[in-house]
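For reference, the chains in residue letters:
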Amino acid sequence: MARYIARRLLWLLVVVFFVSLITFGFARAVPGGPFSAEKKLPAAVLAQLEKKYNLDAPLWQQYLSYMGDILIPRITGEAVEGSLLSDYLINIPLGSDLTFQWMNFGPSYKDRSRTVNDIFRENLPVSFELGFYAFILAVVVGLPLGVVAALKQNTLWDYLAMSVAIFGVSVPSIALGPIFIWLFAVELAWFLPSGWGSWRQDVLPAVVLGVGSSAVIARLTRASLLQVVREDYIRTARAKGLREGVIVVRHALRNSLIPVVTVMGPIFAFLVTGTLVTETIFGVPGMGKYFVGSITNRDYPVIMGTILFFAIIIVLANLIVDLMYAWLDPRIRYT
Amino acid sequence: MAVQQQAASRVAGTQGAALPVRRREASLWADAWRRLLKNKAAVTGGIIILIVLVMAIFADTWVFTLFTGGEPQPLLAPQSYEKQSLVDNNVVPHWLTVVFPTMKPVGEVGGYAKLSDKFILGADYNGRDLLSRIIYGARVSLAVAFVGSFISLLIGVVYGTISGYFGGRVDNLMMRFVDVMYGFPDILFVILLLAFFRSTTAAAEEGTLRGFFTMIDNSMGGMFFIFVGLGVTAWMSMARLTRGQILSLREKEFIEAARSIGTFDIRIMTRHILPNILGPIVVNQTLDIPRYIATEAFLSFIGLGVLRPTPSWGAMIVDGSEAIRTYPHQAIIPALALAIIMFAFNFLGDGLRDALDPRLKGSD
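Quick note, the sequences are listed as chains X and C, same order. Position 136, counted from 1, in the first sequence is what my numbering calls 136; the numbers after and before it change by one each time, with no gaps. Position 294, counted from 1, in the second sequence is what my numbering calls 294; the numbers after and before it change by one each time, with no gaps.
Hints are not guaranteed to be accurate.
Pairwise CB distance ranges (calculated) [to be verified]:
#1 Ser198/X to Asn218/C: 40 to 48 Å
#2 Leu160/X to Lys114/C: 23 to 31 Å
#3 Leu173/C to Asn54/X: 34 to 42 Å
#4 Pro78/C to Leu226/X: 20 to 28 Å
Listed below are the simulated BS3-like cross-link pairs for lysine-lysine, each with C-alpha atoms no more than 30 Å apart in a straight line [claimed, not checked]:
#5 Lys289/X to Lys40/X
#6 Lys289/X to Lys52/X
#7 Lys104/C to Lys83/C
#8 Lys40/C to Lys152/X
#9 Lys52/X to Lys110/X
#10 Lys152/X to Lys38/C
Derived by calculation from the structure, the hints in this document are not laboratory data. Heads up, the beta-carbon is just placed ideally off N, CA and C, and yes, glycines get one too.
Based on the sequences and whatever the hints tell you, model everything.
So, in structure tokens, the structure goes:
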């Protein structure tokens with residue numbers, strides 16, 4: 001199992017490499033640079049800016065220096081000062097004036113006073129927290145809903161649960177956000193409509209974000225459980241005289257969770273890496289706007305940083321999901 | 001006696017006597033239609049879509065001016081979507097202050113909303129009639145839905161049919177290409193495409209290819225590149241679905257029989273295979289439509305959707321969100337419209353899927 005995990009982590013590096021290559025090439029292939037959208041700059045100023053950010057070097061050189069800054073750690077004896085071009089994510093003092101530094105994602109071209117690491121440090125935890133709450137909500141609401149719908153198939157409970165699910169899947173957060181804000185924050189004033197920090201501000205964005213995923217989980221759980229409950233071993237368990245609750249939780253649920261867990265990995269990755277719509281509607285200072293905004297602004301380091309981060313999260317989420325398969329189904333074995 | 005009578009009438013029937021024999025039509029589509037009509041949710045969805053379609057087509061007299069020429073005049077919509085009246089900005093009809101009690105009219109304590117019964121649903125921040133903009137906005141959503149489906153079917157089904165029917169290396173190559181495209185973040189591509197063609201420098205270039213496309217885009221109110229973006233992202237799932245269906249059909253005996261009597265491949269594909277896979281394709285397409293509409297709403301949200309002043313429900317939600325505390329109806333009403341149409345397509349798609357489900361054959 002340890003060798004399997006090691007192999008998958010190695011594969012993670014390969015995926016990161018390919019994603020970085022493709023994203024880099026694609027972002028540079030489209031004309032327009034980080035400084036071409038503003039007012040026309042005099043040629044000399046433009047040349048200076050490009051030289052400062054290393055944009056006039058050949059593309060492969062830019063790519064290698066960028067990846068080198070991220071992957072290759074360095075040990076410096078200089079005083080550690082945060083400058084825009086040398087802001088490292090990991091700074092470990094080694095005593096006697098030496099520091100171990102690693103992971104410099106570069107400066108932001110658009111936001112001239114910040115580096116990508118600043119964005120990670122300030123906005124990422126917020127997005128992560130919001131996504132985490134939304135994920136918990138999705139699982140806590142979606143799983144029981146799906147189980148109830150499957151066990152009481154074609155009764156009122158089933159129709160109710162599936163109506164809630166269709167509602168969650170149909171209405172995008174663009175539409176749901178304003179409706180919820182008006183209903184719960186303006187009209188009933190139970191919660192605050194924007195911001196992040198207190199629970200009054202956190203609930204609405206987490207709910208709006210989580211509703212869609214809970215619907216997906218509910219439908220999938222219902223479909224999967226419906227198939228498992230008809231299996232022979234469930235009938236054996238009933239014949240043995242086990243209580244229905246024990247049968248469902250110990251036997252049926254565990255075997256029906258594989259498709260659900262499969263989809264929970266990417267759902268977690270999507271929720272956690274910041275969603276533009278929910279964050280904009282609710283004024284949550286997360287990373288979503290950097291995903292999309294950086295593309296429009298041609299802010300190359302932010303584009304690369306956010307997409308690399310997303311790729312890493314997705315691969316890790318899939319790895320955890322695959323490891324959970326082994327726990328859910330002991331017949332699955334990894335060498 | 002009774003038995004003899006029955007036997008006599010049976011014999012009379014076979015001899016062509018005047019006994020009308022009525023049979024229920026038993027094809028797949030007739031069965032599916034009957035089952036669909038029994039599904040109340042699907043029927044409701046279908047009716048809603050029809051209503052929105054009528055709203056979109058007859059918003060103004062555009063269909064008629066296609067034949068008679070001249071400028072389209074507002075028909076179902078009370079006025080044009082771009083007619084501004086800054087004197088009337090943000091006016092609110094009286095009934096809305098009852099539905100939205102936090103919107104207090106001028107005169108009450110803490111009141112701010114200007115009352116005017118000129119517009120049924122009120123006006124937006126530029127004094128444009130909200131109802132007219134909603135009706136015209138239906139055009140964008142439905143255009144996106146239908147054009148997206150059309151492109152996805154055209155490219156996806158053809159691609160998938162070729163790939164699935166010929167199999168072997170052709171299939172391998174074509175599917176590897178789809179896999180690579182799948183892994184690519186399509187939103188990234190669409191955003192880059194739109195940012196490239198919509199930048200201010202693009203509008204300036206006249207004779208180049210880029211300027212040409214930008215001109216088409218501007219003349220269509222910004223719809224052209226939305227279609228392109230959708231077309232690029234939408235065909236892949238349809239291609240995979242078609243290919244899967246064809247792979248399972250390809251080995252069936254009736255195909256072998258057709259091939260053995262020398263039928264041309266094209267004829268086999270169109271006459272034998274396609275009609276049989278139409279079911280899952282239609283279902284999948286109907287369930288994909290909410291995704292197209294949501295994509296367009298998202299693009300409008302980030303400012304890359306249709307060009308102003310063309311109204312789109314997504315763009316109206318964005319504009320309305322800025323005033324959500326003071327004039328909530330400006331965001332809620334388009335949000336409700338968007339939610340309703342997505343509901344409708346989802347119900348219809350689910351109903352179609354249940355109706356065309358071969359396992360339920362003969363169950364009514």
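Structure-based check of all given hints:
Remark: the range hint 40 to 48 Å for serine 198/X to asparagine 218/C is upheld by a beta-carbon distance near 46 Å. The beta-carbon spacing between leucine 160/X and lysine 114/C, approximately 43 Å, falls outside the hinted interval of 23 to 31 Å. Checked against the given bound of 34 to 42 Å, the beta carbons of leucine 173/C and asparagine 54/X, roughly 39 Å apart, stay inside it. In this structure, proline 78/C and leucine 226/X break the distance hint of 20 to 28 Å, their C-beta atoms being roughly 50 Å apart.
Pair hint lysine 289/X plus lysine 40/X holds up; C-alpha atoms about 25 Å apart against a cutoff of 30 Å. Annotation: proposed proximity of lysine 289/X to lysine 52/X holds, straight-line Cα distance about 26 Å (limit 30 Å). Taking the CA atoms of lysine 104/C and lysine 83/C, the gap is near 26 Å; set against the 30 Å cutoff, the hint holds. Proposed proximity of lysine 40/C and lysine 152/X is supported: the alpha carbons are some 21 Å apart, at most 30 Å.
Proposed proximity of lysine 52/X and lysine 110/X is supported: the alpha carbons are some 14 Å apart, at most 30 Å. Taken as a hint, the lysine 152/X and lysine 38/C pair is honoured in the structure, with Cα atoms around 22 Å apart against an allowance of 30 Å.
The structure fails to meet hints 2 and 4 from the earlier list, while all remaining hints are met.
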